[in-house]
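Position in the sequence shown counted from 1, then plus 1, gives you my numbering.
Simulated from the structure, these hints should not be mistaken for lab results. Misleading hints may appear alongside valid ones.
Stated by the list, open to error - Taking CB as the label site, the calculated pair distances span: (1) T126 to I69: 29 to 39 Å; (2) P68 to D107: 14 to 24 Å; (3) P124 to E79: 27 to 37 Å; (4) T126 to P53: 32 to 42 Å; (5) E150 to P68: 30 to 40 Å; (6) I69 to P128: 14 to 24 Å; (7) S140 to W67: 34 to 44 Å; (8) D5 to R116: 17 to 27 Å; (9) T40 to A15: 34 to 44 Å.
Ideal Cβ positions, reconstructed from N, Cα and C, are used throughout, including at glycine.
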Amino acid sequence: MAGDGRRFSVTVTAHSSAAPATLFRLAADGGRWSEWAGTLAPRSSWERQGDPPPGGIGAIRRLGLWPIVVREETVAFEQDRLHGYALRTPAPLRDYRAEVTFEARDGGGTDVVWRGAFTELIPGTGPVVQRALLLLLRSLTRRLVRAAERGLRAS
2 MAGDGRRFSV TVTAHSSAAP ATLFRLAADG GRWSEWAGTL APRSSWERQG
52 DPPPGGIGAI RRLGLWPIVV REETVAFEQD RLHGYALRTP APLRDYRAEV
102 TFEARDGGGT DVVWRGAFTE LIPGTGPVVQ RALLLLLRSL TRRLVRAAER
152 GLRAS
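Please take these sequences and the hints and turn them into a complete structure.
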């Protein structure tokens with residue numbers, strides 16, 4: 002049945018006064034997501050570190066509290082520029098993959114783009130899952146930017 006479902010995607014953009022390296026460091030360190038993602042990741046830890054450690058290719062982060070724990074594997078890693086991951090937990094979707102990119106802006110700051118895409122598991126559910134994913138990525142992006150800017154001011 003693989004390939005039978007429809008593909009959906011979402012894109013969220015934001016601007017931050019923080020440097021790309023600051024934002025990347027927060028997004029790529031899955032063991033510390035609970036420090037900035039709040040209720041979206043009340044606990045976070047490494048199940049397996051990647052190359053380069055801790056959050057490089059092959060790393061698996063665990064987010065959430067039992068009985069809802071999400072496992073995500075790092076599948077793309079470009080230092081200070083791109084963090085990509087794939088969902089490794091069964092969910093009401095297939096082939097979920099996301100990436101967040103960080104591009105330095107002329108004059109300082111960073112453009113943040115967070116994209117996610119999936120294939121619907123149950124025909125007709127794609128639009129509902131797409132809306133939920135859009136809301137999730139919007140919230141994660143806002144929280145990431147706020148955390149990076151707080152860290153920047155505290156320096």
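Now for the hints, and whether the structure bears them out:
In this structure the supplied range 29 to 39 Å is violated for T126 paired with I69, their Cβ-Cβ distance being about 18 Å. For the pair P68 and D107, the supplied restraint of 14 to 24 Å is violated, since their beta-carbon distance comes to about 47 Å. Distance hint for P124 and E79: a CB-CB separation of about 36 Å, consistent with the stated range 27 to 37 Å. Separated by about 37 Å at the C-beta atoms, T126 and P53 satisfy the suggested range of 32 to 42 Å.
Restraint check, E150 to P68: a C-beta distance of roughly 34 Å satisfies the suggested window 30 to 40 Å. As the Cβ distance of I69 to P128 is approximately 22 Å, the hint placing it in 14 to 24 Å holds. At about 22 Å, the CB distance of S140 to W67 disagrees with the hint of 34 to 44 Å. Roughly 23 Å separates the CB atoms of D5 and R116, a value that falls within the hinted 17 to 27 Å.
Taken as a hint, the range 34 to 44 Å is violated for the pair T40 and A15, whose Cβ atoms sit roughly 19 Å apart.
Hint compliance for this structure: hints 1, 2, 7 and 9 are broken, all remaining hints hold.
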